[in-house]
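Asks: Chain by chain, the residues run as shown.
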Amino acid sequence: MNGRAVELVASLREGDWRTAADQLLQRLQNAWKTLVVGVPYFWLLIFFLAPFFIVLKISVAESIIASPPFSPLVDLTEEGIINLKLVLDNYAYLWEDQLYIDSYLNSLKISTISTLLCLLIGYPIAYAIVRSSPTAKNILLLMIILPFWTSFLLRVYAWMGLLADQGTINSFLIWLGIIDEPIRMLYAEFAVYVGIVYTYVPFMILPLYANMEKLDITLHEAAADLGARPFTTFRTVTVPMTMPGIVAGSLLVFIPATGEFVIPDLLGGGNVLMIGRVLYNEFNANHDWPVAAAVAIVLLLVLVIPMMIYQHIQSGETEG
Amino acid sequence: MGKRTTFQFSVLCFGMAFLYVPMVLLIVYSFNYSKIVPVWGGWSTRWYTVLFESEEVWAALTLSLKIALMNATFATLLGVLAGIALARFGRFRGRTLFTGMISAPLVMPEVITGLSLLLLFITLGDLIGWPGERGITTITIAHITFSMAYVTVIIQSRLTGMAQDLEEAAMDLGSKPFRVLTDITLPLLAPGMLAGWLLAFTLSLDDLVIASFVSGPGANTLPMLIYSRVRLGLRPDINALATIIIVVVAIGVCIAGWLLFRQQRQRERDMQMAATENLKTGY
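Chain order of the listed sequences is A and B. If you read the first sequence in the numbering used here, its first letter stands for residue 1, the second for the next number, and so on. If you read the second sequence in the numbering used here, its first letter stands for residue 1001, the second for the next number, and so on.
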């Protein structure tokens, strides 16, 4: 009888000890999880989210000649009343000045046409890679990715040498006797298109390739065997099946191209209006921070829908 | 069938020519004696000498490499944590916001990221006195913020693709979560971490726009230096610099590609051997 009681007490104690250990372990586990989520979360809150609220805040401040060159949003007046100043003048200014509207529209025009050009060039390339032998496929993919790892700036610079009045293309055409005078290509919209297509076409090819690689290419042959003409097969089988790749690739080109700064600056010179360049100059040359902030907010609003679509695809891909 | 192969071949030739002819010309003209880039004046390596003797270039290169190293390391660290959280923790409070903040920098126009981070640094400087001076620290922070998003995506997709069996088996056998992480998850993740580190390193070396916004006086990264020179036109010394960068990158990518290729071949051979074994034993 006595022995049993001791046993019981012992087992109880042991049980207690076990639950305590379990609890401790559980707590440690939770702390660990909090740490894993918390550290990157905290970083992004401070360095990604907070800056947006600051931009938003400054975009509704008054522009003044001081350092920093904007009025504080919340003022403590003499009577101790908090005076909230909210100025929408900067946005009105964007709307009234033709320069800004033209820049937004021109940016959208250039990025839309460039996206279509990338699709036109990238689609056949992606298709040709998918149909290659496994060894050739590896080498070709490596060749598409390689430019990614070299400097973006220097790839844009390469076209300055090709397109200049005395550049390679003009010299070559004059040497061939096709033209007498150099054609003006650099510092014009044409050069901006070339630059964007050249630097962004790998962004189109890779998602298309990834998408096509998963497809059953034999369906294509089945359609052909059943008598479909090549174009019909392409339109009714290939295009619908590769739609996810087309959308992802197009967004990856369209979104950054709209806000592009380096390409219009180096290849377009002062002749091509694009909003990324206007924003950069507004901030660095004119020091009009509130207007620059308003330009940024409007650009973000223009791009928010394509960005959300991309995010939706992205999360579907990694989690699905 | 023949027609299709010809089409395929010409598409690939055209595509690769489009991608590579400008780079080849860039390299050829770096050996041009003439000061005016597109006018040929005979072979010479004088621009390489000019480049190597420029202290400005060395200073910019050192700064860029320092930033890239720190950025790659911290971005990989944060990216691995974020990737594990997204792939393994299921639902947690604030997950939607977290996913949004991770994927937004991937597509955010650089001018917006640069402007908003600069305004943050200025506001913080006014409020708490940090950062007093903009330069290497602010550029590194800005780079970590956008490159950790890329690392997270890589890690998350590796983890999602990787079966959870091994981790679960270890847990069932009584391993503590921390041990599971260090003994199983991290070793399996090593290739992804390396890929993420390299990507973060290159992204940082390549960035011009964000660095120009958040940098202060005196801190010129290599892309900032290149940009300030080529803005005014073609420069033969920049061609020489471009050649060096392209050659270094090409060698690196080829080695990486060859290693991957060999690994894949090895795996295929192993699978084949396993299949023959199975056949012999009648499954």
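Fair warning: there could be bad hints in the mix.
When the alpha-carbon atoms are kept at most 20 Å apart in a straight line, the in silico EDC-like pairs for lysine to aspartate or glutamate are as follows [stated by the list, open to error]:
(1) B:K1176 x A:E96
(2) A:K33 x B:D1172
(3) A:K57 x B:D1126
(4) A:K137 x B:D1172
(5) A:K33 x B:E1168
Restraint-style ranges between C-beta atoms, simulated for each label pair [unchecked claim]:
(6) A:T34 x B:I1136: 28 to 36 Å
(7) B:T1096 x A:S133: 51 to 59 Å
(8) B:R1231 x A:W95: 41 to 49 Å
Calculated from the structure, these hints are not laboratory results. Beta carbons: idealized from backbone N, C-alpha and C, even for Gly.
Asks: All hints are to be evaluated individually against the structure, with a verdict given for each.
Replies: Taking the hints in turn, this is what the structure says about them:
1. B:K1176 x A:E96: 64 Å, violated
2. A:K33 x B:D1172: Holds, because 19 Å separates the two Cα atoms, which is no more than 20 Å.
3. A:K57 x B:D1126: 15 Å, holds
4. A:K137 x B:D1172: Judged against 20 Å, a Cα distance of about 42 Å means the pair is violated.
5. A:K33 x B:E1168: Holds, because 17 Å separates the two Cα atoms, which is no more than 20 Å.
6. A:T34 x B:I1136: 28 to 36 Å: Given range 28 to 36 Å: holds, Cβ gap about 31 Å.
7. B:T1096 x A:S133: 51 to 59 Å: Because 44 Å falls outside the window, the suggested range is violated.
8. B:R1231 x A:W95: 41 to 49 Å: About 31 Å separates the Cβ atoms of B:R1231 and A:W95, which means 41 to 49 Å is violated.
Going through the hint list in order, the structure does not satisfy hints 1, 4, 7 and 8.
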